[in-house]
Amino acid sequence: MSGVPNTIAGDRSTALARRGRRRWTEAFVSVVLRLCAFTAVAGLLLIMVFVFREALPILTDPEIQREASIAKFFATPLWQPVGDVPKYGLAPLLVGTLKVVMVAMLFAVPIGVLAAIFASEFAPPGAREALKPAIEILAGIPSVVLGFFALIVMASWLQGLTGSVSRLNALNAGIALALGVIPTIFTVCEDALRAVPRSYREASLALGASRWQTAWNVTLPAAAAGVAAGVLLGLARAVGETMIVLMASGNAALVSASPLDSVRTLSASIAAELAEVVFGSAHYSVLFFLGAILFVTTFVINVAAGLFVERLRRRLAGA
Amino acid sequence: MRGGRFILYAAGLAAALALSHWGCAQRERALTIKGSDTMVILGQRWAETYMKEHPGALVQVTGGGSGTGIAALINGTTDICQSSRPLKDDEKRQLTEKFGGPGHETIVAMDGIALYAHQDNPVSEMTLDQVKAVYTGAITNWKDLGGPDAPVVVYSRENNSGTYEYFKDHVLGGADFAAGVQTLPGTAAVVNAVAQEPRALGYGGAAYAKGVKEIAIRRDASSPAVLPSLETVRSGEYPIARNLFYYTRRAPEGAAKAFIDWALSEAGQAIVTEVGYYPVR
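If you read the protein sequences in the order shown, they are chains A and B. Counted from 1, the first sequence has number 201 at position 201 by full-length UniProt numbering; the numbering is strictly sequential. Counted from 1, the second sequence has number 170 at position 170 by full-length UniProt numbering; the numbering is strictly sequential.
By construction, these hints were calculated from the structure, which means they are not laboratory data. Being a predicted model, the structure only gives us computed values, none of them experimental. Backbone N, C-alpha and C fix where the C-beta goes; we use that ideal spot for every residue, glycine too. Any given hint could be a false lead.
As the list claims (entries may be wrong) - Covered by chain B, per the in silico footprint, the following chain A stretches (three or more residues, Cβ under 8 Å):
id, stretch
1, 128-137
2, 181-193
3, 219-231
4, 241-255
Stated by the list, open to error - Sample of chain B residues lacking proximity to chain A, with all beta carbon distances greater than 10 Å (derived):
id, residue
5, 30
6, 168
7, 192
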């Protein structure tokens, strides 16, 4: 094929052929890119349809409602899905998820945000160059490794420190989870802070403010929407994270306020139980219902984070 | 020249097709075994040795849990299901509907469920009632079990395990586990947690009890305290023992029969002992 233009000859036809080929390549690339983009969207839609369809019998199937329904989820404080009389109380799972996520955010938000302020405002170029990849590597550690570390090593340290009865508890899982969440918060916040125009800082410094006053009172408020987006994305990750809590939390379905008690989260329950439930049973539908709750929660958080990012962009563009 | 090359390609293609077809034919004869995580090591060791002794035989063993294996048996996606619990009536009914019989059961080994405690724990025996009381939350302190004044940190398997169901049915008499009972994925994780926690109590297959202390169990207050062992499990003296099953849809035949017969032979049962369970023959 490649020899054909030479035999027919003529500069004009060669150029035409080349242009034709380029147009064809262009069209091909565009189709491939479009396919890739739509595959992701189609994947999202299919997963959504699947999760909600499998959860639906909780609302519609009277056979399953005899075992599990919205009313029954809150009628008992017990989560005992296997037994002669299965009990699907969601309270311990909701409380557990909330507790672990709160502990995680309590550690991850200050550390992530302050590290981002340091990296963007204070760090000399060398330190920043070292800090960013280090935190990105933390993001790359598989969560099962973080969970294992928390199960074997961190739990013993923390028990020595707090004297808690259970080695594996909300505090342990929350701190391990914070390690998984910090990179998300750090990266997004750092980007937001660096997007604040230099002129803001220069104006503040020229008025006699110190570097810390500038960072805290000028740069951070200017980037507030981006920081909020980072925190929300971290929150979404914390709510959905599974392996870390499955391994580090002890998974006891308790309703209690103490962070030193063992907890069971929504995501860990799905991971632990879904592998062996009878297909189409009430337990199966309940687990998908939990999945739907998680899906909606993280979806709402992500959308909120997107709105904040949009606001930041408009605000900085308007400046 | 070109034609010659074409013929060469065609021949090559035909050979490749024939080879792959032969490969498929080989694979079709693979015997699949699926089910209990408790039995996965046993099944794999059986399969390895069996394939070494019978070149040409192909046995694939996977875990997933007894329930997963039984579901696969009902769906027809496995030849043999290994299960650490007997079939439920509902499962037998499904098998009967699909295959005209309730399935065929072979007991291939026995397992003792040991109660593990930390090695430094002074408590060395408990009655069945005490075990039940701890797991249902009626006893929460070691001093009620003859130990020091310290809370009992109770570990269990996840509720998707055959061991969990066995324990719930036979030790707790169907009662619910206390809410504070911590569950971990896998017996190894339970053993690990107990080994690191002086106040812990956990349970799992006797084969896994490494680095922890086994508690001797009394059937009731007046009977002797017994540790799980070949004699006590087989004689039924140790109260928390169970059968390990191989289930087939019908009476085993062909490759499945050859494999199960071999597993029950002297060589097969020797592997049961090696892995840490108790032979039935």
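Going through the hints against the structure:
1. 128-137: violated (count 0)
2. 181-193: Since 0 is below three, the answer is violated.
3. 219-231: violated (count 0)
4. 241-255: Answer holds; 8 residues pass the 8 Å Cβ test.
5. 30: holds (23 Å)
6. 168: For residue 168 of chain B, whose nearest Cβ neighbour in chain A is about 7 Å away, the distance does not exceed 10 Å, so it is violated.
7. 192: violated (7 Å)
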